[in-house]
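J.: Listed here are the chains, written in short residue letters.
Number of protein chains: 2
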Amino acid sequence: MKWYEKENETYHGIIISSRIRLARNLRKYNFPSKLSDDDSIKVIDIISDAIASASDHAVSLFEKIDMQNISQIDKIAMMERHIISPIFIRDKIPSALILSKDESLSIMINEEDHIRIQSMEIGMNLYTALANAYHVDDLLEEKLDVAFDPSLGYLTACPTNVGTGMRASYMIHLPALETTGKLRFLLDAIGKFGLTVRGMHGEGSDAQGSLFQISNQITLGVTDEEIIDNLTSVTKQIIEQELVVRNKLIDEKRLEFEDAVYRSYGILKHVRILPSKEAMTLLSDIKLGLELGIIKTAEEKKINIFDLMTCIQPANLQKLQHKELNIEDRDIARATFIRENLPDLIE
Amino acid sequence: MKWYEKENETYHGIIISSRIRLARNLRKYNFPSKLSDDDSIKVIDIISDAIASASDHAVSLFEKIDMQNISQIDKIAMMERHIISPIFIRDKIPSALILSKDESLSIMINEEDHIRIQSMEIGMNLYTALANAYHVDDLLEEKLDVAFDPSLGYLTACPTNVGTGMRASYMIHLPALETTGKLRFLLDAIGKFGLTVRGMHGEGSDAQGSLFQISNQITLGVTDEEIIDNLTSVTKQIIEQELVVRNKLIDEKRLEFEDAVYRSYGILKHVRILPSKEAMTLLSDIKLGLELGIIKTAEEKKINIFDLMTCIQPANLQKLQHKELNIEDRDIARATFIRENLPDLIE
Chain A
0 MKWYEKENET YHGIIISSRI RLARNLRKYN FPSKLSDDDS IKVIDIISDA
50 IASASDHAVS LFEKIDMQNI SQIDKIAMME RHIISPIFIR DKIPSALILS
100 KDESLSIMIN EEDHIRIQSM EIGMNLYTAL ANAYHVDDLL EEKLDVAFDP
150 SLGYLTACPT NVGTGMRASY MIHLPALETT GKLRFLLDAI GKFGLTVRGM
200 HGEGSDAQGS LFQISNQITL GVTDEEIIDN LTSVTKQIIE QELVVRNKLI
250 DEKRLEFEDA VYRSYGILKH VRILPSKEAM TLLSDIKLGL ELGIIKTAEE
300 KKINIFDLMT CIQPANLQKL QHKELNIEDR DIARATFIRE NLPDLIE
Chain B
0 MKWYEKENET YHGIIISSRI RLARNLRKYN FPSKLSDDDS IKVIDIISDA
50 IASASDHAVS LFEKIDMQNI SQIDKIAMME RHIISPIFIR DKIPSALILS
100 KDESLSIMIN EEDHIRIQSM EIGMNLYTAL ANAYHVDDLL EEKLDVAFDP
150 SLGYLTACPT NVGTGMRASY MIHLPALETT GKLRFLLDAI GKFGLTVRGM
200 HGEGSDAQGS LFQISNQITL GVTDEEIIDN LTSVTKQIIE QELVVRNKLI
250 DEKRLEFEDA VYRSYGILKH VRILPSKEAM TLLSDIKLGL ELGIIKTAEE
300 KKINIFDLMT CIQPANLQKL QHKELNIEDR DIARATFIRE NLPDLIE
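Respectively, the protein sequence lines represent chains A and B. The opening residue of the first sequence carries number 0 in numbering that gives the first Met the number 0; numbering runs sequentially from there. The opening residue of the second sequence carries number 0 in numbering that gives the first Met the number 0; numbering runs sequentially from there.
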């Protein structure tokens with residue numbers, strides 16, 4: 000079972016996932032932006048050998064994927080599943096990915112830094128994600144000479160990561176705040192807490208389906224724990240606001256809200272051409288409707304809307320269909336996939 | 000069975016109905032706009048006595064409805080069913096309606112003229128409608144002194160009706176021409192043929208659900224047959240254009256068209272709040288989709304979309320619910336009625 004297929008009951012599904020990313024570099028090599036192909040390969044070998052010979056047997060079995068050996072569609076599909084970052088796709092130097100079986104732990108080698116450890120958990124579980132990331136980091140640092148300065152902390156390619164080298168983030172679903180226009184005010188205030196909010200696929204990406212990533216911007220002069228506690232505290236306040244607006248919708252505009260949810264369901268259940276962005280919006284409505292009990296599916300037909308949202312992304316959709324599809328064919332395949340996988344409602 | 004419940008196969012359902020209206024007046028009385036209440040009652044009695052004592056037994060059994068004795072909702076419901084005209088609702092003087100059991104033949108007494116005979120038929124059947132209207136007219140003129148001038152023809156309250164006193168009209172469904180914006184050009188040209196196009200409920204009413212009434216404007220110096228032949232010839236050309244655009248939609252944009260029809264179906268099948276105008280538009284899509292074989296219902300579940308369109312009009316909806324409803328409650332009742340009466344599709 001992949002990490003994202005697990006049950007998520009945290010805060011009514013508002014918190015989709017928790018993610019920790021640690022940036023590390025080998026002391027004796029240039030940062031990837033100035034790394035020769037030969038040295039890139041050496042870096043890959045050193046890091047993957049450290050994993051393969053790790054004292055934790057499970058970690059030593061992590062799969063190593065040579066990024067030069069996989070197709071562009073496979074890469075984009077991995078990005079859509081949040082296993083790799085968007086910039087890792089445009090590999091200019093040899094790079095590799097080390098991946099756990101449940102896809103919750105991954106190491107990008109030669110992304111912006113030599114080492115990018117990523118740890119994902121379902122729901123609000125940053126400390127579990129952090130512990131798992133630390134565990135992999137410890138195994139690596141046992142064997143590797145990592146660039147660390149006693150006064151600055153971990154040294155990284157981009158100065159914004161210097162210090163703990165950690166970025167913590169939550170993926171959150173905020174349809175009620177977004178629909179009512181209240182999100183904008185909240186997001187403006189978030190910068191003051193050293194936090195930033197982005198779309199589904201990180202920097203520069205659009206927010207689709209009311210999904211947002213909230214993460215720390217500051218890594219210097221603070222501990223990992225302080226970062227996580229600050230992020231969690233602010234996120235909980237945002238969630239409280241989302242819950243307030245959801246309850247208001249139910250109390251004051253239940254019928255209009257029911258109407259909107261059922262219309263979205265009716266379209267998804269019959270549509271023939273479904274662009275990605277519209278699909279995300281409609282699925283977001285369904286997710287909210289299910290969470291608020293406006294619509295119900297039979298217990299045994301429980302669906303993971305976030306998983307469905309991932310399956311219909313362009314590259315994942317093509318992998319499911321086992322063929323390359325142009326944009327028109329994808330919109331058709333997406334409509335068919337949703338019609339077939341959206342369960343019937345019970346009244 | 001009411002006339003509109005009959006099967007309609009004419010031109011793929013593009014022609015909904017044919018309607019003939021004859022305007023007649025009693026020579027010895029003022030036109031209704033200048034008629035005293037006492038004289039109004041006399042006019043009603045004279046005309047209804049002529050019907051009750053008609054030599055045709057079936058016609059003599061037509062029901063007489065005193066318009067002062069029925070509720071406003073019942074009047075509007077009759078207007079929505081095209082039994083009476085909108086101006087007949089705002090009765091300023093005593094008025095009455097004489098109605099056949101299948102509602103295909105009616106006589107409005109003291110509308111704009113003393114006598115307004117109306118004859119409705121399903122599909123393209125103006126000559127049948129005309130024959131039935133003539134039959135009632137003959138029975139009346141046997142007994143009544145009708146205002147007729149040898150050189151002008153029948154005398155009527157409004158000069159535009161002087162002559163034959165006849166208006167012939169077709170109710171036509173033109174979704175393809177309307178959607179593609181081609182209808183505007185056709186309608187501009189229609190005036191040159193002495194014809195006019197209006198919305199569903201005649202003069203000044205909006206076109207909803209792509210339903211239009213096309214009728215003659217000229218009644219002087221032409222015979223009833225010339226009027227009907229001219230109207231039919233022009234209508235056939237409009238239908239040909241509608242069919243050309245429909246075929247083009249199927250040939251060139253089948254998938255987009257399917258998508259639109261299925262989306263409309265999905266919304267109608269799940270909607271909770273349904274305003275009248277939106278309902279008409281969505282049902283128009285379903286009608287077109289069924290006629291073009293894009294969607295199918297089980298044979299035994301065949302539906303009459305035009306009948307459904309009539310049932311969800313405000314007054315008819317309230318009659319079906321046996322209670323008065325405000326506009327919000329009507330939108331909810333309309334949604335429920337459509338969900339329950341729209342049959343399932345077969346793939």
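Be careful, since some hints might not be right.
As the list makes no split between identical chains, a pair holds if one copy fits it or if it spans any two.
[Said to hold, decoys possible] Cross-link-like lysine to any residue pairs, in silico, SDA-like; alpha carbons within 25 Å at most: (1) 27 with 296; (2) 181 with 54; (3) 247 with 327; (4) 252 with 336; (5) 276 with 35.
Everything labelled a hint here was simulated from the structure, so no lab data went into it.
J.: Now look at each hint and say whether the structure bears it out.
T.: Now the hints, each set against the structure:
Taking CA atoms no more than 25 Å apart as the test, residue 27 paired with residue 296 passes in neither setting, with 57 Å inside one copy and 72 Å between copies. For the identical chains of this complex, residue 181 and residue 54 are neighbours neither inside a copy (50 Å) nor across copies (75 Å), given an alpha-carbon limit of 25 Å. For the homomeric pair residue 247 and residue 327, the shortest alpha-carbon distance between copies (20 Å) is at most 25 Å, but the shortest distance inside one copy (39 Å) is not. When the C-alpha separation of residue 252 and residue 336 is checked against a cutoff of 25 Å, the pair qualifies only between copies, where the shortest distance is 22 Å, while the shortest distance within a copy is 32 Å.
In this homomeric assembly, residue 276 and residue 35 never come within 25 Å of each other (Cα to Cα): the closest approach is 39 Å inside a single copy and 67 Å across copies.
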